[in-house]
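Undergrad: The chain contents come next:
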Amino acid sequence: MTLPQRTVQPRPDSGAFDAAACETFLVHEARLLDEGRFDEWLSLFTADAWYWVPSEPNQASPRDTISLIYDDRRLLETRVRRLASPRIYSQEPRSRTSRMIGNVTIEEAAADACTVRSKFQLLEYRRESQHIFGGTSLHRLVRGDGGIQIVWKRVDLVNCDAPHEGLVVPF
Amino acid sequence: MTVLDNELSQLIAPGRVHRRLYTDPTIFELEMQRIFEAAWVYIGHESQVKKPGDYVATQMGRKPVVLVRDGGGKVRVIRNQCAHRGALVVATDKGNAPEFTCCYHGWTYHLDGRLKAVPLNHGYPAGFDPTDPKLAMLQVPRVKSYRGFVFASGKSEGPGLEEWLGHMTTSLDDMIDRAPEGEIEAAGGVFRHAYDGNWKVYFENLCDAAHPLFTHRSSIEAAQQQSDDVHSDGTGEIAIRQMRQNGAPYSFWEENVGIWTYPNGHSFLGDYHDDAKLVAALNDPVFRDYIATMEAKQGKEKTRRTLEVRRWNSNVYPNLSFMSQFQQLRVVHPISVNETVVHTYNYRLKGAPARMFENTISFANIVNGTGSLVLTDDLEIYTRIGLGLTSAGSEWLEIGRGYAGDLPAEHGGRRGKNSTSEVYIRNMFDAWLGYMADGDGARGTRAPAPQAVAEMRQ
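Chain order of the listed sequences is A and B. Here the first sequence stands for residues 0 to 170, where the numbers follow numbering that gives the first Met the number 0. Here the second sequence stands for residues 0 to 457, where the numbers follow numbering that gives the first Met the number 0.
Because the hints were derived from the structure by calculation, they are not lab data. Nothing here was measured: the structure is a model prediction, and the numbers come from that model. Do not rely on the hints blindly, as some may be mistaken.
Stated by the list, open to error - Calculated pairs, SDA-like style, for lysine to any residue (alpha carbon to alpha carbon, straight line, at most 25 Å):
#1 B:62 / A:161
#2 B:93 / A:58
#3 B:93 / A:161
#4 B:93 / A:59
#5 B:349 / A:63
#6 B:49 / A:164
#7 B:49 / A:63
#8 B:62 / A:164
#9 B:49 / A:56
#10 B:93 / A:60
#11 B:49 / A:58
#12 B:93 / A:134
#13 B:93 / A:64
#14 B:62 / A:160
#15 B:349 / A:64
#16 B:49 / A:134
#17 B:50 / A:55
#18 B:301 / B:171
#19 B:349 / A:60
#20 B:49 / A:55
With the sequences and hints as input, model every part of the structure.
TA: The structure is reproduced here in structure tokens:
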């Protein structure tokens, strides 16, 4: 299945790292994922970014413990390229997702970088069944040439250690 | 004996099996009794219960058991059920406890399962004896460890563990002998995958060398197109190399890789990666450090002999599969005829450079990970088999690839002509029939009869 092409929208950037600017950014990121615009989602990340979904509550490191997802930039690019493949059988049929982002707070901020905590709920519908995911996201954001960028993103699922079916669409 | 008994042997033909084996709940129930309560079933590793009182709550087949180290240091497997009203006693996945106490009426058990104390015990009738061995968290009849790998059997008689494992002990040895200090430990967490399909389907994929090129093409192509100039912290590098390796052409599997099967349904895929082209690879500084450490501890010759073992997945029927080169181990938990959960573990090689274990973790994430770019397509296949078998399509499923090429092998085994052979599936069904029909998995030694395929099709 090919996804409909959409016009690329300018990245939201109010010029300051306040909670409202961060929330606007996170809602934009969620929209890109919900609409299957994975290339655009990838372009939100810096060139040495990482993306992490731990397998255990309060997991300290992705290096000594397994993760549901732990992608450095190279693997994240491969993940996104695969998502676009017509031969990705685990996305045949494709999932439809709907995300709600809330409780956005700034954990730590400097002039050109900040760490943002937010809550999310995600509905994923595929092949006649609907799954609910929820949890906490931490984003490390910086201001780059093209607007706000993600240096790293950590997503802690409430049920990270439950038996899961394949997790294909990023959180 | 059930009505079904007369039909069981008719569900397996040379090179074909009837689809009822994957869909019939009555057959599934019988498998749980006759295979999962009779065979040696893998329970866990001794390193998961290092100290007295350490326990892990798990399942043997579908039945809750507790793997525990008792006060005297002995590893036990006891049924997780209170002798009083039947409640599950141990409700957390793992921990340490001085004794086990039921949350209902406070019956308390020693770590080896014997009853220790009963509140209000004067209220029971004359003859109530708390020391009666039946009033216990019952021990599974036979529990045996092979160099730290703990198996249990619900049958009090039958072949001993080592006899039953047969030549597969050499694969377990390979897991352990790769540790410079000769010891391994479970570490780094557990993946739990769920799929809507029969438990056997999972096992039948583990040595299937004919599927990666097709099933995994989305990740193969994405990895082949990936630029190596893009930043990696080292974790993505191993993952991408492995995905590219999955794209080896059919000729590679037919010419360079072999498959060996043994009595009781066991098998392994061999000669896949040698350590020169292994994803860790000889030019990887981490792997070079590791080899130097091994040679310092064990000498060059022993190290060479250890590292020349080149097995991919080793499968111990009915519930254990492991991969010694990257220290991965999977345990299959059947839930119902059409639901399965698989737990996957990682092992740390004691004495190896710390970064070896980081490679193990990276490898686990990409090969066994729930969000892996590879495994998610396998899980899709398992579910699709579950769905496909609900159709009114053909009643018989093919397991005949490579049939005419089956060859006898040493140690009572049978090998395929090459790794694309489905000999390991045929071997598992021979064991299946042995357990299901007469409780003897050793029927897996049955000699191949290639001419039967031609006869069957006439």
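Undergrad: Just to be careful, I want the Cα atoms of residue 93 of chain B and residue 64 of chain A compared with a cutoff of 25 Å; is the pair within it?
TA: The given pair, whose Cα atoms are some 17 Å apart, holds under the 25 Å limit.
Undergrad: Taking only the CA atoms, is the gap from residue 62 of chain B to residue 160 of chain A under or equal to 25 Å?
TA: holds (21 Å)
Undergrad: Hey, residue 49 of chain B versus residue 56 of chain A, does the alpha-carbon distance stay inside 25 Å?
TA: Distance of about 23 Å is within 25 Å: holds.
Undergrad: Taken at face value, is the distance from the CA of residue 161 of chain A to the CA of residue 62 of chain B at most 25 Å?
TA: holds (19 Å)
Undergrad: Sort out whether residue 171 of chain B lies within 25 Å of residue 301 of chain B, counting only the CA atoms.
TA: holds (17 Å)
Undergrad: Hey, residue 49 of chain B versus residue 55 of chain A, does the alpha-carbon distance stay inside 25 Å?
TA: holds (21 Å)
Undergrad: Quick one, are residue 50 of chain B and residue 55 of chain A close enough, alpha carbons at most 25 Å?
TA: The given pair, whose Cα atoms are some 23 Å apart, holds under the 25 Å limit.
Undergrad: For a C-alpha distance cap of 25 Å, please report whether residue 93 of chain B and residue 58 of chain A respect it.
TA: Given pair residue 93 of chain B, residue 58 of chain A holds - Cα atoms ~17 Å apart, limit 25 Å.
Undergrad: Hinted pair, alpha-carbon criterion (25 Å max): residue 49 of chain B, residue 134 of chain A. Please report holds or violated.
TA: Since the Cα atoms of residue 49 of chain B and residue 134 of chain A sit roughly 33 Å apart, the hinted pair is violated (cutoff 25 Å).
Undergrad: Sort out whether residue 164 of chain A lies within 25 Å of residue 49 of chain B, counting only the CA atoms.
TA: violated (31 Å)
Undergrad: Can you confirm whether the C-alpha distance between residue 349 of chain B and residue 60 of chain A stays at or below 25 Å?
TA: holds (20 Å)
Undergrad: Is the hinted pair residue 49 of chain B and residue 63 of chain A satisfied, with a Cα-Cα distance of at most 25 Å?
TA: Holds, because 19 Å separates the two Cα atoms, which is no more than 25 Å.
Of the hints listed earlier, those the structure fails to meet are numbers 6 and 16, in rising order.
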